[in-house]
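Number of protein chains: 2
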Amino acid sequence: MREVFQKELHEVQQRLQEMAGDATRIMDSASKAFIRSDVTLADQALASADLMASKALALDELVIRIMARQSPVARDLRILVSALRISASLERMAALAGHIAQIARFRFPGSAVPESLRATFVEMGALDVELGRKVELLLKDPNVDFAKLIQAEDQRVDELHRSVFDTVLSDDWKENAVFTVDVTLASRYHERFADHVVDISSKLSYLSTGEWNDTIS
Amino acid sequence: MREVFQKELHEVQQRLQEMAGDATRIMDSASKAFIRSDVTLADQALASADLMASKALALDELVIRIMARQSPVARDLRILVSALRISASLERMAALAGHIAQIARFRFPGSAVPESLRATFVEMGALDVELGRKVELLLKDPNVDFAKLIQAEDQRVDELHRSVFDTVLSDDWKENAVFTVDVTLASRYHERFADHVVDISSKLSYLSTGEWNDTIS
Numbered sequence: 023m024r025e026v027f028q029k030e031l032h033e034v035q036q037r038l039q040e041m042a043g044d045a046t047r048i049m050d051s052a053s054k055a056f057i058r059s060d061v062t063l064a065d066q067a068l069a070s071a072d073l074m075a076s077k078a079l080a081l082d083e084l085v086i087r088i089m090a091r092q093s094p095v096a097r098d099l100r101i102l103v104s105a106l107r108i109s110a111s112l113e114r115m116a117a118l119a120g121h122i123a124q125i126a127r128f129r130f131p132g133s134a135v136p137e138s139l140r141a142t143f144v145e146m147g148a149l150d151v152e153l154g155r156k157v158e159l160l161l162k163d164p165n166v167d168f169a170k171l172i173q174a175e176d177q178r179v180d181e182l183h184r185s186v187f188d189t190v191l192s193d194d195w196k197e198n199a200v201f202t203v204d205v206t207l208a209s210r211y212h213e214r215f216a217d218h219v220v221d222i223s224s225k226l227s228y229l230s231t232g233e234w235n236d237t238i239s
Numbered sequence: 023m024r025e026v027f028q029k030e031l032h033e034v035q036q037r038l039q040e041m042a043g044d045a046t047r048i049m050d051s052a053s054k055a056f057i058r059s060d061v062t063l064a065d066q067a068l069a070s071a072d073l074m075a076s077k078a079l080a081l082d083e084l085v086i087r088i089m090a091r092q093s094p095v096a097r098d099l100r101i102l103v104s105a106l107r108i109s110a111s112l113e114r115m116a117a118l119a120g121h122i123a124q125i126a127r128f129r130f131p132g133s134a135v136p137e138s139l140r141a142t143f144v145e146m147g148a149l150d151v152e153l154g155r156k157v158e159l160l161l162k163d164p165n166v167d168f169a170k171l172i173q174a175e176d177q178r179v180d181e182l183h184r185s186v187f188d189t190v191l192s193d194d195w196k197e198n199a200v201f202t203v204d205v206t207l208a209s210r211y212h213e214r215f216a217d218h219v220v221d222i223s224s225k226l227s228y229l230s231t232g233e234w235n236d237t238i239s
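Chains as they are written, first to last, in this note's numbering: chain A, 23 to 239; chain B, 23 to 239.
Next up, chain A with everything else stripped away, as it sits in the complex (with noise of 0.2 Å):
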């Protein structure tokens, strides 16, 4: 029963790290697509993205399968619980990217970034990356100690997301509303991207860390 178990779980965290991949390429095609405003990227992005759904609900429906049979307790039950919320962060992370993808398509062939903000959204767009690739590698080894780097990421694409805001509230901001709705959300979306990384990223450092170890009997 518990090699069988083992196997289960190995088969739920290799399907996590899968779509945390997937995530990660959709938010790399969808950031270059909205910087460069090529479409076949954003295209590529929105097509990956409509299928992390599916993906995510069969993962689902395999956690709550393995409930159901092994009926888990302490470690093994937070592990398939925290599994089901690392699903649905990286879900709404791949519809996040999607929905930058969108932003490009819509103002193709125009640009949705102005000159004045584009090493910005260079750099956000890169740190998102990155801080995917960290999630995928620490859904393989729960033990990597990211927690710290991720953190600091994570307030960069914060930093970022506000000084865009200072651009464009500031004096010398002469865009118009059109480019100044799209670098509103597009800024938001990576900021969320980054906050469910976090999110995901302390739930997997309890697990490991085991501070959740005790609180259930």
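One or more of the hints may lead you astray.
To be verified - Which chain B residues stay away from chain A? Per the calculated CB distances, all over 10 Å, these:
id, residue
1, Arg37
2, Ala69
3, Arg100
Claimed, not checked - With a Cα cut of at most 20 Å, we get these calculated SDA-like pairs of lysine to any residue:
id, chain 1, residue 1, chain 2, residue 2
4, B, Lys196, A, Phe187
5, B, Lys77, A, Ser104
6, B, Lys196, A, Ser104
7, B, Lys170, B, Leu149
8, A, Lys196, B, Lys196
Stated by the list, open to error - Residues from chain A that face chain B, not an exhaustive set, calculated with beta carbons under 7 Å:
id, residue
9, Leu73
10, Leu79
11, Ala80
12, Leu84
13, Ala90
14, Ser93
15, Val95
16, Ile101
17, Val103
18, Val190
19, Leu191
20, Trp195
21, Thr202
22, Val203
23, Thr206
Worth flagging that the hints you see were computed from the coordinates, not collected in a lab. Don't be surprised by glycine CBs; every beta carbon is placed ideally from N, CA and C.
Got chain A sorted already, so can you dock chain B onto it with the hints?
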């Protein structure tokens, strides 16, 4: 055992209802604060929104304890997994309402809503509050047939959300970037609040129609 389990399920249901009531009240205050630039209401909304994370955590712990003790299967297990998801949605709804209150707070004593969009936001806020109330009632009695009403109201929120963009991106829009940013984000937050209501109601309708019953053995 069964009797204890039913009592525990009832406790979960009651706590979810309470959280739905909280999220609705927070949205009510936030929406009014946003429209009327009422800083007292904004502060009330923010204070209540801050409490929701710990309520969600406490509920999640209760659900995990019940799972560990009762080893539920089939429909019972699905109800508990749904409770975890609904709790996450309700927490997020309160956070989104909090973001709306925050915008009102930032712009105080000025208004965050230009005259041309006042009626739109009054309607959006009222719809979100109405949707929150319906979810509260649905949680009390999952057999109530609100599904169609909720869908129609969510569609109206989506329509209003799009109309905000139409207004902001039209040639008649003469407001400055501060207004553009505020109404873009506020509209997005209202729309996401309604999305979560739709998510919750579809989870509840799955449970009450029993459509999920046959998927696990």
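>> Take the shortest C-beta to C-beta distance between A:Ile101 and chain B; is it under 7 Å?
In response: Because about 11 Å separates A:Ile101 from the closest Cβ in chain B, which is outside the 7 Å limit, the hint is violated.
> Once the shortest beta carbon distance from A:Val103 to chain B is found, is it less than 7 Å?
Replying inline: holds, 6 Å
> Should the label of B:Ala69 as a non-interface residue stand, given a Cβ cut-off of 10 Å to chain A?
Replying inline: Its Cβ never comes within 10 Å of chain A, the nearest being 22 Å, so this holds.
> Going by Cβ atoms only, is A:Val190 closer than 7 Å to chain B?
Replying inline: holds, 5 Å
> Quick one, are B:Lys77 and A:Ser104 close enough, alpha carbons at most 20 Å?
Replying inline: holds, 18 Å
> Non-interface claim for B:Arg100: all C-beta distances to chain A beyond 10 Å?
Replying inline: For B:Arg100, whose nearest Cβ neighbour in chain A is about 7 Å away, the distance does not exceed 10 Å, so it is violated.
>> Just to be careful: measuring from the Cβ of A:Val203 to every Cβ in chain B, is the smallest value less than 7 Å?
In response: holds, 5 Å
> Are A:Leu79 and chain B close enough, Cβ to Cβ, to be under 7 Å, as the hint says?
Replying inline: violated, 11 Å
> Does the CB of A:Thr202 sit less than 7 Å away from some CB of chain B?
Replying inline: holds, 4 Å
> With a cut-off of 7 Å, does the beta carbon of A:Val95 approach a beta carbon of chain B closely enough for the hint to hold?
Replying inline: Cβ of A:Val95 sits 4 Å from chain B, so the hint holds.
>> Interface hint check: A:Trp195, Cβ to nearest Cβ on chain B, cutoff 7 Å. Holds or violated?
In response: Interface hint status for A:Trp195: holds (5 Å vs cutoff 7 Å).
> How about A:Leu84: closest beta carbon in chain B under 7 Å, or not?
Replying inline: Violated, about 11 Å.
In this structure, the earlier hints numbered 3, 6, 9, 10, 11, 12 and 16 are contradicted, and the remaining ones agree with it.
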